[in-house]
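Enquirer: What follows is each chain in one-letter form.
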Amino acid sequence: MRQNGGQMGSGRLSMKMHTRQAMIAYLFLLIPLVFFLGIRIFPTIYAFFMSFSVQGEDGYSFGNYVRLFHDPVFWKSVLNTFLYLIITVPLQLAFGLLIALGIERVHRFRWFYRIVFFLPYMTSIVAVSWVWRLMYDSNIGVLNQILKTLHLPQQGWLSDPDQALLSVSAMLIWQMTGFTMLIFLAGLQGIPRQYYEAAEIDGASKWKTFWKITFPLLNPTILFLTVIGAIQSLQTFTQIVNLTGGSSGTIGGPLNSTSSIVVYMYKQGFRDFNMEYASAITVVLFIMIMLITLIQLKLLNRNYDA
Amino acid sequence: MSYVGKTIKYVILALFAIIFLMPVYVIIVTSLKPNSEVSLEQMWKLPTSIDFSAYAEAFTNLAPNFMNSIYLVIPATLLSALLGAMNGYVLSKWKFKGSDTLFTIILFGMFIPYQSILIPLIQFLRSIDLYNTIPGLILVHVVYGIPITTLMFRNFYASIPDEMLESAQIDGANFLGIFRHIIVPLSITGFVVVAIWQFTNIWNEFLFAVTVTTSANQPIMVALQNLSGSQIVQWNVQMAGALIAALPTLLVYILLGKYFVRGLLAGSVKG
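From first to last, the protein sequence lines stand for chains C and F. Taking UniProt numbering, the leading residue of the first sequence gets 1, the next gets one more, and so forth. Taking UniProt numbering, the leading residue of the second sequence gets 1, the next gets one more, and so forth.
The hints are simulated quantities; they were obtained by calculation from the structure and are not laboratory data. Every residue, glycine too, gets a C-beta built ideally from N, C-alpha and C. Don't take every hint at face value.
Said to hold, decoys possible - Here are some chain F residues pointing at chain C (derived, C-beta under 10 Å): (1) E41; (2) W44; (3) F66; (4) M67.
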């Protein structure tokens, strides 16, 4: 696979032919590439410039960033976004690994379990959010009904500023666990059987086998899922808008308790039409995601070297 | 392994499965009730009689947007699968100077959070007269699908030996001939997996839909969010609407899920 197109014919074809074939290959990539640059790379640069121009003012300045720095709702949204990351990523990895280990060990209905647990990840976030919103509803939701049956106090869930972020997080975990489970299943399949056989011969306990063999060998999988999970949680938007927005709610929950960076960007840019300010928010998001990705890639490389 | 240990494993998995499926129960039961039966006391209960009025109302409201989503998802899925197949083919089997750099650039695009380009993107769509149109959304989804579909196809092609292409080339097959007669027939599984992936993602997508289109041109997910209205939510209608909106991807997943999950496990991990 490493050789290039020029070597494919093992020298039997004329040079002219190869040049022509390479040209065709370039041509096929040209159209998607132009759009890729036009819609993906160029707008990133453009957004960057936009963030330095203040609405209603000429020229470029740090105006938007100064305003961001003094904006309590922005800081609240940044804090919330990190809370989503810290709460959901470890738990979705833990549950995903637990379920994957369980599925590895059962022999019947394996495909059924795989499909059931992967289902939330494949289902529309909007549709799912509304079902959870009904379950969370403080007046008629099933969760409060369960509490009532158990003679426990009713909770406000999404309508309580102290519980709203945790309630959104629970749904995020429920939805992402299927994805982590699937990747863990693939990771588990990649561990050579001989290691387990050797451990068994040595009389190692199940617990020890897990911590000495399975867990270390899953490290690349864990890091991969942490990177993906972190990036996804930093971009959380649809769940928040549908769980706490629209009718009988405000986007971002009571007292902005569920607002994330992207939610705040959406409010600024598409509700209040302050596009320049919103651009500055997206630049902050962009830098945060790039930083986290770079740190994690560094960790990933170190892990492979060790 | 002891019988008890085995039973415990099945019980734990089954318990998890029940928790995972609880929302499914809620959505089905609520959507089949008249609004008067949607109350705290009756939330768990089955409807006294099956009532389809919520479905009728949800369908009347959502039908135009449902069709918008169909017009969006079919061309977008086909185009992005085809583009991914072509890109993967060129980048893995026709390596040329700079093709690895190109691949890196395409992958890098995957890490750019798409929220951060939303505002310039909309201005760009305005300037080419595609803002607030379904073709505009198709364009956005096809372009945004390029990195992931290219990557997926590139992994699938890794299992096709280069010798096969070489001998075809000696027999006089050209760039397109090899693609049509060798690559495509050998990567049907790849096409199925990529198509399901793109179909699901595009159908379910919300942020592009809510920002690129307005009212009459909106896909179903935005309409579902708006279905709740501005006052009290009619939960039976909302649940019926959610089920209608989720149904196409659910059907695809339930019918083909087994092959899809297997294909993902086989194809995605080798990257």
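Enquirer: Taking the hints in turn, state whether each one holds.
Expert: Hint by hint, here is what the structure shows:
A least Cβ separation of about 8 Å between E41 (chain F) and chain C falls short of the 10 Å threshold, and the interface hint therefore holds. Hint status for W44 (chain F): holds, given a least beta-carbon distance of 6 Å to chain C, under 10 Å. The criterion of a C-beta within 10 Å of any C-beta in chain C is not met by F66 (chain F), whose closest approach is roughly 13 Å, and the hint is violated. Using the Cβ-Cβ criterion of 10 Å, the hint placing M67 (chain F) at the interface with chain C is not satisfied: the shortest such distance is roughly 17 Å.
Violated hints, listed in ascending order, are 3 and 4; each of the other numbered hints is respected by the structure.
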